[in-house]
Amino acid sequence: MSGEPIAAIPAPAGQSWGDVVAKTPEGGYRLGNPDAPIKLIEFASHTCGACANFSATGAPVLKEKYVSTGVVSYEKRSLIRDPLDMTITVLARCGAPEAFHPRASQAWAALGEFGQTLNANGALMEQAMGAPEDQRFVMVAQAAGLIDWFAERGLSRDQAQACLSDSAAITALAEQSRAQADIFEVTGTPTFILNGKKLDENQWPALEPILQQAGAR
Numbered sequence: 001m002s003g004e005p006i007a008a009i010p011a012p013a014g015q016s017w018g019d020v021v022a023k024t025p026e027g028g029y030r031l032g033n034p035d036a037p038i039k040l041i042e043f044a045s046h047t048c049g050a051c052a053n054f055s056a057t058g059a060p061v062l063k064e065k066y067v068s069t070g071v072v073s074y075e076k077r078s079l080i081r082d083p084l085d086m087t088i089t090v091l092a093r094c095g096a097p098e099a100f101h102p103r104a105s106q107a108w109a110a111l112g113e114f115g116q117t118l119n120a121n122g123a124l125m126e127q128a129m130g131a132p133e134d135q136r137f138v139m140v141a142q143a144a145g146l147i148d149w150f151a152e153r154g155l156s157r158d159q160a161q162a163c164l165s166d167s168a169a170i171t172a173l174a175e176q177s178r179a180q181a182d183i184f185e186v187t188g189t190p191t192f193i194l195n196g197k198k199l200d201e202n203q204w205p206a207l208e209p210i211l212q213q214a215g216a217r
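Just so we're aligned, residue 1 is where the sequence shown starts under this note's numbering, counting upward by one.
Note that these hints are calculated values from the structure, not bench results.
Keep in mind the model is a prediction, meaning the values are calculated, not measured.
Among the hints, a few may not be true.
Pairs of lysine to aspartate or glutamate residues, derived as EDC-like cross-links and limited to a Cα-Cα distance of at most 20 Å, are as follows [claimed, not checked]:
#1 Lys63 with Asp35
#2 Lys23 with Glu4
#3 Lys63 with Glu208
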């Protein structure tokens, strides 16, 4: 992938590309110019340490330096690995699309905290695994301290419990996650797709030069 530098594309009047968010038909959350010539997709898991590292070290630069120009769009799609991952994912997605990226970033930063709380509440987690589907993820969230944590970041407890109790939506999310991963033969996280091509690189120092070669400057 190589090309000449692509000129910045102005955002609509009164907006910045960093504030433009849309939920895509594939189930992701795209940040930036929907018509950006460089389209970057990240398949990520909320219990993936390498994803947390990219969220902390790569995503802020990606958003500030490249998404802001309108040349690059950045879409996160979920590759769900386990019940805690599903629970965090559902809560990050609960409510307005504009809330997704900030919530998701903060949740990755708190991954260690969630794990510690969950370990301290192992009995409740064990009960959750045997609970009916419409109760299971509420119980996982309680075991990991997630309902209170997300409430502190603007997601009401009632709204959180409603999203976590919607077993049909959770089943659909799991199926869509698997289907999208299968399309691109994604087996691990994070995995990046650049303009339809799966990349081997999965951390920012290796990814940024590839974006630059594609025309992002």
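For each hint, the structure was consulted:
Distance check on the hinted pair: Lys63 and Asp35 sit about 16 Å apart at the alpha-carbon level, within 20 Å; holds. Restraint check: the Cα-Cα separation between Lys23 and Glu4 comes to about 30 Å, which exceeds 20 Å; the hinted pair is violated. Distance check on the hinted pair: Lys63 and Glu208 sit about 12 Å apart at the alpha-carbon level, within 20 Å; holds.
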